[in-house]
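Engineer: Line by line, the protein sequences give chains Y and G.
Just so you know, our numbering puts 68 at position 68 of the first sequence, and the rest follows in order with no gaps.
In our numbering, each residue's number is its place in the second sequence (first place is 1) plus 1000.
Warning: the hint list may mix true and false statements.
[Unchecked claim] Stretches of chain G that chain Y covers, calculated by requiring three or more beta carbons in the stretch to come under 8 Å of a beta carbon on chain Y:
#1 1065–1072
#2 1099–1108
#3 1116–1125
#4 1152–1160
#5 1217–1223
#6 1242–1249
#7 1295–1306
Just so you know, the hints here were simulated from the structure itself, not pulled from any lab data.
For every residue, glycine included, the Cβ atom is placed at its ideal position computed from N, Cα and C.
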Amino acid sequence: MNAHVKYRVGKSRAVQALIVFMAFLITVPLILIIVYIFREGITKINWTFLTRVPKPVGETGGGIANALIGSILIVLAASVIAIPIGILGGIYLSENKNTRLSYWSRLAVDVLQGVPSIVIGIVVYFWVVKPIGTFSAISGSVALAIMMLPILIRSTEETLKLIPSSLKEAGLALGLPYHRVILKVIVPCGISGILSGIMLSIARIAGETAPLLFTAFGNPYLNTNLTKPMQSLPLLIFNYATSPYDDWHDLAWGAALILLFTVLLLNIITKITSRRWNVQL
Amino acid sequence: MPTAIAAPQRVVRKKNSYGQIRAESLFRRTLVIVGVAMLLLVTGILITLIIGSIPSIKSLGIKYLWGTTWDPVNNVYGALPFLIGTLLTSFLALIMSVPFSFAIAIYLGEYNPKGWLSNFLKNMVELIAAVPSVIYGFWGLLVLVPIVRELEMKFNILPYGIGIFTSALILTIMIIPYAASLGREMIRLVPSPLKEGAYSLGATRYEVIRNVILPYTKSGLFAGVLLSLGRALGETMAVTMVIGNTSIIPTSIFAPGNTMASVIANEFTEADRTVYLSALIELGLVLFLVTVIINMIGKRIIKRFTNE
């Protein structure tokens, strides 16, 4: 082997080592963040933390019950709005592959996916908050529902596309009406793909803060009325993290731990369930 | 007697099948309505933003975009500080993230496409995209900011800690997954005869990557970078928490500043005057248009690439 070949092989090896090193470097910040939040958060979480509302500045103790309940309610309402529309939209796009309307509709979903969340916050402020006259949890749900839609539609469309058309043709040949073929044959066949799309979309919006700033707004007290301002975990983290008080930082660390693990858990569950389907989400 | 029993049954069945037909057309119509609704939703967003920014366009005109002062107290509005802040943070983040994204894409697409190690890395990259941005912001504020402050003291720069550079660091981590996972898909699409041809001529692995894979996937990798950029431009919470929120044109990359998204997040609920609110909405409109255009170009490139 002459020197030049040795040089080329050596260069190839060096580049490979560099690329492997750089590729795995990215896991460092993620592990740092998870470990740091776990260490800071785990000591703050106890029964009081989960069942009380925050105390005023200067008093120790207090919890984040208002944010926990608020987050669950807001996300639940958003899912109720978004899931039926999202699944129907996905069915529409997978059933109409080449019509003019479906082309524009698909484009609209693409656009929607790229819209910055803060812009959706502004728009929903004018659509819901202004007419009602007050910040409200339901407006936050509407904003989050708009963010869920593209993910739901895309995952439903991609899942249903994978189902062989012979199934649909067999159903139609038996004389089943179109809607029963779709709802009783096609959708049940793709249900696990659709479910993982639903879970992924919930994981995406559970941590969204920007669209809630001008809609759900936040609330230091416990509130279960959807037409009133409501606290949520991401809002609480944002407000308390940027405050100068240590007590509030403690609450924010605990809340961050709960939020982070919920989101990561949802993602991991989605991954395990969607592996069967090989759907690109 | 038997006919008397059969007759009502037939009527019931007929009614039932009419019902089925009606339900069928109702279902088809619902699907079309949902398809139209998606279009209306997006045009509605655009129209709402345009209507909202009319007062500001009318009273401030086009020079709003390069006005250098933002002083709501004295009713002076200029968006330049935020445009510069947004561009600086996004492009800094892009420059820092690209080497890592490409390294991940090449590793997962070429060096090690299968096996537990590559699965592990792939899942890690996806989890990075999954962490909520408010958590990045919180971590950045309490962990990264002190580190940056120490660095700045060492280099004798005014030690703010917060600022453009810190935001760009956080953004770097956040946007790596987008270019990385798309790049991986693209590198996997390289036809193996091309690679085998190069190997058979005696090329080393590096030479194959450099002269076959990268030229072939150039446009796909570029599309991934565009999607990352769209993400960085619109990112709000993490940036808002660490950028410092001052509405003056940043003098260096270590100075505090503001981006379009962060100024909206901070001032929208405080905006008491029509023009003030409208100026913020116009920022939202600019942000919307820019991100939509960047995303559309990116998606167009991907579509062309995967259809070839």
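Engineer: Are any of the numbered hints broken by this structure? If so, which, sorted upward?
Structural biologist: Failing hints, ascending: 1, 4, 5 and 6.
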